[in-house]
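Novice: Starting from the known structure of chain W, fit chain F onto it as the hints suggest.
Chains as they are written, first to last, in this note's numbering: chain W, 55 to 217; chain F, 669 to 831.
Derived from the structure by calculation, the hints contain no laboratory data.
Small disclaimer: the values here were computed from a predicted structure and weren't measured.
It cannot be assumed that every hint is accurate.
As the list claims (entries may be wrong) - No more than 16 Å apart at the CA atoms, straight line, and that leaves these computed lysine to aspartate or glutamate pairs for EDC-like:
{"#": "1", "chain 1": "W", "residue 1": "K201", "chain 2": "F", "residue 2": "D821"}
{"#": "2", "chain 1": "W", "residue 1": "K166", "chain 2": "F", "residue 2": "D791"}
{"#": "3", "chain 1": "F", "residue 1": "K705", "chain 2": "F", "residue 2": "D675"}
{"#": "4", "chain 1": "W", "residue 1": "K214", "chain 2": "W", "residue 2": "D190"}
{"#": "5", "chain 1": "W", "residue 1": "K125", "chain 2": "W", "residue 2": "E114"}
{"#": "6", "chain 1": "W", "residue 1": "K125", "chain 2": "W", "residue 2": "E110"}
So you can see what is in the structure, the chains are spelled out below.
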Amino acid sequence: MGKPVKSRSIKSLCLLVALVAAALPQEAMAANDSAACTVRFIHAKHEGTAFDPKLEPLREQLTRPPLSSWKSFSLLGEQKISLHALTPTDFAVPGDHQGRLEFLGTVESNGKQRLRLRWQLLDGAARLMSTVFVIDDGGTVLQAGIKHEQGLLVLGTTCKLGS
Amino acid sequence: MNRATRDQLLSRLHDGELPEGEAEALRLELTDEDQQKLHALSEVDALLAHTLSAEADAGELDLWAGIEAQLPAAPAQNQSTKGRILPLIRRRTVQVTALLSTLAAAAGLVLLLRPAVPSNRCDIEELDVAGHNATVIAVSDDNGHETALIWFDHQETDEWESL
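Chain F extracted, bound-state conformation:
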């Protein structure tokens, strides 16, 4: 095994990339030089980790700046359209609500101010006539409202009697 291959094996052992059996076999045949190289690799790792942590702590990590820089610029038209949609819906809602309220108020006003329809729900409690017959008739109009008609037979003058 040449040196380069040996160093690669040590590096993979250090990184934990070797299969368990191969790694165990390699550990059994490690020489002092190999041990020193592994130790040196560990030190380099520790040094790198310390250095990166120190750099991260030194400055604020602004991920969004990096992401935003890579995003395609959003067209200005899209933003203005998006801005218009919600107010439009709101305007429609307000308009519909106002329209319905106006219609309801108008309907109430019509009911309040409509011409009085002759209707009475008349209850006849007493009825005396100086004739032979009297009839109470409910006359309905087109709307189903009823008006009471008291019909009594007309009598000639000499047939009238004092009740």
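Here chain W stands alone, though its shape is the one from the complex:
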């Protein structure tokens, strides 16, 4: 009677290994199927010298040319967005604009997964800007050019894999 028990144990072990093996790729795929992004809306002005402490991670980028022409920076707001592959997500942008962010998938580079994203800035039906870019996991890209209340609107987008 000991033999069937042993056989059952081996079968259970094999089943467990198979389940784990099947689960691992799904987990990896799930992680590569989504991205978490934070879009910061930054108001840059020529007046004043205030620098919003919440923008400290971007201080070096905001205080160097060409953005160093603006002297004060404040965070108007930020959007935290969970993206699923190939599903565009819209969000409001100061100045009655609309942002649309889409996670297009990952690109492997030197053994690391990078994010491929489409970023669109809309004004109603008009597209003010549309770009597709690839960044490192956790990377940031800045966009600027829209005038906003006697100043400039700067958009800082940081994305990482997983949601």
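Specialist: Positioned in the frame of chain W, the structure of chain F alone reads:
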């Protein structure tokens, strides 16, 4: 030649201490009495050799005991110092190794837990703007990390066009 001198010559002949020529000359003039004395000397030699061998075989020859007895007593302090030096070196080696390992682990931890620096190695694949100009600028920080800045000219509302 008196007897004492004659006996000394015989003894030196027996021991092989005479020069070859002198020994040969002496052998030619040996008398019966001289021959008997030489024979007696040989017997005494054999007897002595046998007796010493028997004594050596009878007891274990402990050379170290004799040498050790004649050595000056080593100061106890020297032994304790000698005993301490090697462990001290070993302790230092272990301490240095542990210190280096700790530093390496700390450096790894710092690299792992350091705040995310906004850097992206951004690759722009597509860029369309509803304006006249668009520029991609790499903004470097103090560490040489670059962040991409997409700059596009702001257009007045009536200048926008649907892309």
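Novice: The structure should be examined with respect to each hint, and the outcome stated for every one.
Specialist: Okay, the hints, checked on the actual structure:
no.: 1; hint: W:K201 with F:D821; in the structure: holds, 9 Å
no.: 2; hint: W:K166 with F:D791; in the structure: holds, 15 Å
no.: 3; hint: F:K705 with F:D675; in the structure: holds, 8 Å
no.: 4; hint: W:K214 with W:D190; in the structure: holds, 8 Å
no.: 5; hint: W:K125 with W:E114; in the structure: holds, 13 Å
no.: 6; hint: W:K125 with W:E110; in the structure: holds, 14 Å
Checked against the numbered hints listed earlier, the structure breaks none of them; every hint is satisfied.
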